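Chemist: If you follow the hints, you should be able to join the two separate chains into one complex; please do so.
Residue numbers (our numbering), protein chains in the order written: chain G, 1 to 486; chain Z, 487 to 798.
I should point out that these hints are in silico values taken from the structure, not numbers from a laboratory.
Remember, it's a predicted structure, so these values are computed and weren't measured experimentally.
Now the in silico label distances, taken between C-beta atoms and shown as ranges:
no. : chain 1 : residue 1 : chain 2 : residue 2 : range
1   : G       : Thr-305   : Z       : Gly-742   : 22 to 30 Å
2   : Z       : Asp-567   : G       : Arg-467   : 28 to 36 Å
3   : Z       : Asp-510   : G       : Leu-452   : 47 to 55 Å
4   : Z       : Ala-591   : G       : Arg-467   : 53 to 61 Å
5   : Z       : Asn-762   : G       : Ala-109   : 47 to 55 Å
6   : Z       : Gly-742   : G       : Pro-412   : 30 to 38 Å
7   : G       : Leu-452   : Z       : Gly-604   : 29 to 37 Å
8   : G       : Lys-226   : Z       : Cys-696   : 42 to 50 Å
9   : Z       : Cys-696   : G       : Glu-133   : 51 to 59 Å
10  : G       : Gly-186   : Z       : Gly-604   : 58 to 66 Å
Beta carbons: idealized from backbone N, C-alpha and C, even for Gly.
Residue strings, one per chain:
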Amino acid sequence: MEMTSIDLDVDILVIGGGVVGCAILRELARYDASIALLEQYPDVCEGTSKANSAIVHTGFDARPGTLEARLLAEARQLWPEVIARLHIPYLQTGALMVALNEQEQATIAREIVPKAAANGITLQPLSRAEILEAAPYVNERIVGGVLVEGEGVIDPFWTTRAYCEHALLNGAQLFLGERVNAIEVGPRRLRVHTENGRTFSAALVVNAAGLWADEVARLAGDHSFKLTPRKGEFLITEEDHGVAQIILPVPSEVSKGILVTPIVFGGVLLGPTAEDVSDKRDLATTTAGQQRIREGVGRLVPAMTTVSTVRQFAGLRAVSSTGDYIIRPSTVSERLLHVAGIRSTGLSASPAIGHYVGTLVGETLGLRLRTSYREALPEPLSEAAHEDGEVVCLCRSITRGEILAALRSTLPPQTLDGLKRRTGAMLGECQGNLCLPRLIALFQQELGRDPLSLEKHAPGSRLLVERLTHLGSVPAHRCERSKRGQ
Amino acid sequence: MRKVQMSAYTLEDMPLMEDLHEGDYDVAIVGAGLSALSLLHSGGTALGRTVVLDYQEQVGGLLRYLLPADGFGTEWELLRDFQLPAGVRLLLQTTAVGLLPANDAEPTHTLVVRQRQGTTQLRARQVVIACGGVERPREHDAIPGTRPAGVMTPVLALQLLAQGYLPGRRALVYGDSRYALATARRLAEAGLEVITAAPASGNGRSVRLCGTLEEICGFPRLTAVRLLCDQQSVEVEVDTLIYATGLLAGTHWLKGSGVALTAAGAIAVDAHYRTNIAGIYAIGTVVRPGLDHEDSVRMGKEVAALLPGGVS
Numbered sequence: 001m002e003m004t005s006i007d008l009d010v011d012i013l014v015i016g017g018g019v020v021g022c023a024i025l026r027e028l029a030r031y032d033a034s035i036a037l038l039e040q041y042p043d044v045c046e047g048t049s050k051a052n053s054a055i056v057h058t059g060f061d062a063r064p065g066t067l068e069a070r071l072l073a074e075a076r077q078l079w080p081e082v083i084a085r086l087h088i089p090y091l092q093t094g095a096l097m098v099a100l101n102e103q104e105q106a107t108i109a110r111e112i113v114p115k116a117a118a119n120g121i122t123l124q125p126l127s128r129a130e131i132l133e134a135a136p137y138v139n140e141r142i143v144g145g146v147l148v149e150g151e152g153v154i155d156p157f158w159t160t161r162a163y164c165e166h167a168l169l170n171g172a173q174l175f176l177g178e179r180v181n182a183i184e185v186g187p188r189r190l191r192v193h194t195e196n197g198r199t200f201s202a203a204l205v206v207n208a209a210g211l212w213a214d215e216v217a218r219l220a221g222d223h224s225f226k227l228t229p230r231k232g233e234f235l236i237t238e239e240d241h242g243v244a245q246i247i248l249p250v251p252s253e254v255s256k257g258i259l260v261t262p263i264v265f266g267g268v269l270l271g272p273t274a275e276d277v278s279d280k281r282d283l284a285t286t287t288a289g290q291q292r293i294r295e296g297v298g299r300l301v302p303a304m305t306t307v308s309t310v311r312q313f314a315g316l317r318a319v320s321s322t323g324d325y326i327i328r329p330s331t332v333s334e335r336l337l338h339v340a341g342i343r344s345t346g347l348s349a350s351p352a353i354g355h356y357v358g359t360l361v362g363e364t365l366g367l368r369l370r371t372s373y374r375e376a377l378p379e380p381l382s383e384a385a386h387e388d389g390e391v392v393c394l395c396r397s398i399t400r401g402e403i404l405a406a407l408r409s410t411l412p413p414q415t416l417d418g419l420k421r422r423t424g425a426m427l428g429e430c431q432g433n434l435c436l437p438r439l440i441a442l443f444q445q446e447l448g449r450d451p452l453s454l455e456k457h458a459p460g461s462r463l464l465v466e467r468l469t470h471l472g473s474v475p476a477h478r479c480e481r482s483k484r485g486q
Numbered sequence: 487m488r489k490v491q492m493s494a495y496t497l498e499d500m501p502l503m504e505d506l507h508e509g510d511y512d513v514a515i516v517g518a519g520l521s522a523l524s525l526l527h528s529g530g531t532a533l534g535r536t537v538v539l540d541y542q543e544q545v546g547g548l549l550r551y552l553l554p555a556d557g558f559g560t561e562w563e564l565l566r567d568f569q570l571p572a573g574v575r576l577l578l579q580t581t582a583v584g585l586l587p588a589n590d591a592e593p594t595h596t597l598v599v600r601q602r603q604g605t606t607q608l609r610a611r612q613v614v615i616a617c618g619g620v621e622r623p624r625e626h627d628a629i630p631g632t633r634p635a636g637v638m639t640p641v642l643a644l645q646l647l648a649q650g651y652l653p654g655r656r657a658l659v660y661g662d663s664r665y666a667l668a669t670a671r672r673l674a675e676a677g678l679e680v681i682t683a684a685p686a687s688g689n690g691r692s693v694r695l696c697g698t699l700e701e702i703c704g705f706p707r708l709t710a711v712r713l714l715c716d717q718q719s720v721e722v723e724v725d726t727l728i729y730a731t732g733l734l735a736g737t738h739w740l741k742g743s744g745v746a747l748t749a750a751g752a753i754a755v756d757a758h759y760r761t762n763i764a765g766i767y768a769i770g771t772v773v774r775p776g777l778d779h780e781d782s783v784r785m786g787k788e789v790a791a792l793l794p795g796g797v798s
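For reference, chain Z alone in the conformation it holds in the complex (with noise of 0.2 Å):
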């Protein structure tokens, strides 16, 4: 059995909200993942005064519910021994919905943020958007076929394990990033029987079976899934799907705010993670989607570099 600690920081760190008011702050980091927990790591005190905000209860981002997890040492160390550096305001299940960016009138950057007390403004000198994503759910990618219960994503079946309950009795994890594969090890360690697919890719990751999701089947509950296998069809039964194929950038609250977005919906930056509107830069999954979690902690320690001063 595993014993795990955390830093956990909760409800009892959050101000009310009256003190969101205090003044202006140096940097908001919009997002408590692996990418801002690194820029807090690396630069610590050297920010100034510094507002982190999440929606979730605790920092982590969606990792949170797969750690500890063979193969994301680097990942739990950080979560587990993040300290909030001295100064820095965590204000948690506090959610950014709109970014009305610096102009001639107000020289600050506004958030307008939701909590439990309602819904308030903070300002900011610089903002580092390190929101992460939501996993890719099997409608966005128009797999044809019912809609029953029993398909979800990694967050989802991680979370539904850690509350105490069983998503399924034989699952098929579609996908082959380190995550989606750890996903599989827990389900199977909770007692699943588990079946781990993915298209063909030369990432050196392994899969029970190579192919492609072609349908999904079953009413009320998921009975099985079709793959296409050498161009073969093939039906798996399962009473669950784990589809695991990756993430989306969480840019929708940015809508009207003049942030530029790529073509596929992230967060278009330069080499120095500035964002076309100076004073704000972005960080982690929400600037590519497809990165590994490494690649998160290894951003969050750049921008660190960058911000104290301000390159913009």
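With the rest of the complex left out, here is chain G (with noise of 0.2 Å):
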């Protein structure tokens, strides 16, 4: 490796394009100064961004005096301006969490409610009755509960390209497919290598590396945190029984539990379950997991034991050895900020963490607000105005249009789940198997992409392994389409 050429010299990079890493990077651009951003996929929001409940959470029952607790209640004033300004689509729902038996009433009353108060969140207690007339799918066995009302759903993915859409608007430059490898700390700037052979200067750099925040500090020298992924399953059904509010168990120690949860763009998302495991890179579902999720959500909603699925998926989220969010500077070097172990609350604090990690990178290199910032993101086209209204993905009716424009936007699709994120193609019952060779072909026409080299997902996805050379034994009716686009 050529260690002393130096690709590109910012003031400021950050590692990690993840809600948190992008929810920095946008605020990092308010300020006069050349800032970047790594990240290892393709895309972003590949990480612990993708997988998790989506959920817009309050924080009212986060551990009080906690930087997690502050910065959860800070971004509960943020969101609505960051909603509004990037058009993220958001569903206040509110959030019910019943009780099953007179024990978990009691600990509702001594535990939850005042913990909320602590946070400064007022719960509505609920008797039974008023339960099952507003969310008649609730099992009927239950003894009561809370109205937790300022919890909502949101598109994880929207967010966090629009957060990095903001962020390019006004300046940043984004690297995709970058994975960090080296780190050298300097006196007055740090230099970060990538596998790809690229060395980037910076004279600070924000690790927001997510789940690989740890080996990223080591990579420094850094050895004073460690992160441990905690797999969570979800399960997604179309049959939504009417469900319109998240439905919270009341928690145990380790994790929030099993939640019934609306999408934003409709069906209902259920899980998580919370299993420690060893490999950063272990999604894989299990039979067991998806029989605890619908276990844990038939005690809540019984009609959702039975439902069909049309996807299963996993994440991990970081659990930190400290228990508490780790945004600090590493004990190698001021230059090199931490914003790690963020657990799952990551998507619901980014405003927040955002801001906070702006303002404090700001005020260490002395910077200035710049002149000529854009407070908002221009306004997504309507549906009308997608000029090809001809349907692509059957299950689900997403245009032609649509998906040109996605493939058209400022941060346009590198892979096809990129693709199927920013239009919902793909999301429906077949999966994108009837569809997909007509997204390869867009992506061709649009990208010039060649289709070998077209993945689904991470580095090494690719979906076709070569052309056929003896085409003579297969028959040649492909459609007109395609062959008028030769």
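Modeler: Set out below in structure tokens:
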């Protein structure tokens, strides 16, 4: 590796393109400074940010006095403006925590309500009858519960992308597919090397590498904290049975438990499980895990025990050795700032984490605010504005115009999953098996991508292995469009 | 080398949007797969003013990516020799996204359709829903494991082959329907090493491995699948899984229409293919996702005999 040539020299470099890294990038873009973000995957929002309950959580149950509780409280104030300026799909559903027996009811009164009060949130106690009237799908055997009014659901992908697009609009640079493999700490600058052989130099580096933040710290010689992955399995159903609120069980020590969560675009999300694992790439779903979800949600909403599912997935959240967010300079240099151990509340706290870290960095480097900052993203196109109404994704009625708009956006998808998350195509019953060839063709047409190079998600996830050399053995009834396109 | 000649109805046959408003049709057929083609073949001009619409670029449904294939002679002949009866309008790349049944104020059924030019409506006295379905993916059956590249259903593998790409090198085809095994043969012809597997069944068709799919392994590309064979877990190293366990009725677009569904999500019909709504019929996969293609052809024929004049 050539250690002396610098590919990019910036004031601030953010490592990690999850919801936290992108929220920080957006806040840093307010300053008169050059900034860039490195993400190991070919898209933003690929780690913990992509597989979670998608809840904008009030933090009513956070441990009072922690940085996490403080930032969740600040985020509550910031969300309305973020949602409006970045045009993020959001639904304030409210959450019902339901007690299945007197003991749980007592826990709510003894622990949950006072803790929420300490966090500045008043919970509204509800009787069994009140809950069943508002949410007739809830288990009839409940004895009571509380309403957490401020809880809502959002699209985490949209949120992360919007943060990033907003930063790009204000001059930030984004480098996808750059996995950091070495960090040199100097007195005034840090050098960050990636597996692709690139070298980035910065006056300050923000380590927002999510689950890998401890490994990034170690690359700089900092062994001060350790993150372990906790796996959460989910399943998605399109049978909503009228579910319109988030339904929460009374939490245990390990986890907030298995929830029933409406999805902002329709359908219901069930999960997560909570299982400590050793492999940071273990995203496999299991029979036992799926079974546990069914049992868990069955106690809250009995109809969910037997619903059909369109998709299952697992996410890994970072559990830190400290029990709170780790937002502080590294032990080896003031110029390396860790933003780690964000557990499962990163999405909810992201506007406040971004603001907190942005201010911290601004003060550290003595930065001034830029004069030409653009406060909002342009309005997204309405459905009618897409010029081509032909349905491409049959299951979800996603049109060719919508696909083209995503491929032509500021932050276009690089992978098929990236396209899926930007449009909703491939998310229906057939999971893309019918329309995927059409999407590959549009990728090629719009972005010049060779179909052979297209990946599903992670590096190495190519769909096609080679061109057929002996076409004679395969019937040549290709579709008319692809013939014309050639 | 096989030389393929097929009746190719393409975009040129598609009228401009304003043409759709020319008035009411006697019959609107949603879908141009086997059951619809069979209906048109048998019904012919006796159907009256008829419109057929389909999501795809050509007629023939999902099966057209497989045909011609050994054992699918009847289906291939129907597709190959298909002639659009005079007076029947065919709208391709036109997708029904909603159905508003007739009511007191509106005596005809209305289909909400999307095509390149936008969203529009079609009105018809009788509607035959012959939209088939989509193939069941592994997600529908919640098969545990990772989510790697290389897991697909037959229609994806066959489309990729037709576009000139190899989807993998060593595939396990899971399923023992005629369609699954024909897909396996096609993949083998294209140069893949193919293993067929399915749970033990009494349909008389044999596969190489009898077992139940238990787990999908590997990331970012599939490396193996695990099958439970005679209570023994067997790991089969493959880079491609063709999940060919059947179809799901394509009824999502009927949400809110009032057309009654069975518990399994298919359209509920009586012996005359009548749905619960007068003048709305359904045939083919959308009424019985498990049926064989031959039954689709038969249903099309039978409903053709019922339609003219209308039994409703």
